[in-house]
Amino acid sequence: MSEQKKLSTEQVIRLERELAKFANMMDAVVRIPFTKQGIGADAALSTIPVAGDAAGFVLTCYAVYKARQIGVPQAKLNAVIRLAAIDAVVGFIPVAGTLFDIFIRPSRKALDVVHEHIRTEYQIKTEDHVIHPFLHERLEQKQQHSALWRNPVVAWLWLHIPDLFGLLVLLLIAVGSWFAFSGLWQWYQGL
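Each residue of the sequence shown is one higher than the one before, counting from 1 in our numbering.
There may be inaccurate statements among the hints.
[As the list claims (entries may be wrong)] Derived pair list, reagent style BS3-like, types lysine-lysine, alpha-carbon separation capped at 25 Å:
1. Lys6 / Lys125
2. Lys142 / Lys76
3. Lys125 / Lys21
4. Lys76 / Lys125
5. Lys6 / Lys21
6. Lys21 / Lys142
7. Lys142 / Lys125
8. Lys6 / Lys76
Everything labelled a hint here was simulated from the structure, so no lab data went into it.
Please take these sequences and the hints and turn them into a complete structure.
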């Protein structure tokens, strides 16, 4: 508990952002727009029998280590460790293990436990540094040098670039599908 009091708000946000970057790489590199659901390195590693699942477990333990740096009590992290162990065991099952890695994301669970802890311990209410950690860090750097980036609309647009890009891709897929099905329908009717 005394270690928690030594950390400043900036230090806690920095450590949580580091954990969020790690969790995003492990569990959500490719993300469904405007959601936290995605696919990451953990699912990719699980396609390598045994070694991939062991590596995923070790990397999740790193997330637990980062959580301990922030001061999260071990009792709160035990559920994350159990989930990581279950993830490693289920990962040995070829297809089911990969699917399990996509939907049961231990690194993201560690991040959720940390975020809940700092909300109560440090009264940090913002989530931007967790949801978009790479973009948030870059935005902070830009905001130090320009008032334009401190504008809330500009900041929101910057932080939601992946979501807006993903939405554009989904829209293009929908339009392309509509044209393809329309062409096929016209071709079918012409027969």
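Outcome of the hint check:
Proposed proximity of Lys6 and Lys125 is supported: the alpha carbons are some 19 Å apart, at most 25 Å. A threshold of 25 Å between alpha carbons decides the hint, and for Lys142 with Lys76 the separation of about 35 Å lies outside it, so the pair is violated. For the proposed pair Lys125 and Lys21, the alpha carbon gap of about 18 Å is at most 25 Å, so the pair holds. The straight-line distance between the Cα atoms of Lys76 and Lys125 is roughly 20 Å, inside the 25 Å bound, and the hint therefore holds.
Annotation: proposed proximity of Lys6 to Lys21 holds, straight-line Cα distance about 23 Å (limit 25 Å). With a CA separation close to 19 Å, the supplied pair Lys21 and Lys142 stays within the 25 Å bound. Distance restraint check for Lys142 and Lys125: the Cα-Cα separation of roughly 22 Å lies within the 25 Å cut-off, and the hinted pair is therefore satisfied. At most 25 Å may separate the alpha-carbon atoms for a hinted pair to count; Lys6 and Lys76 meet this at roughly 20 Å.
Comparing the model with each numbered hint stated earlier shows that hint 2 is the single one that does not hold.
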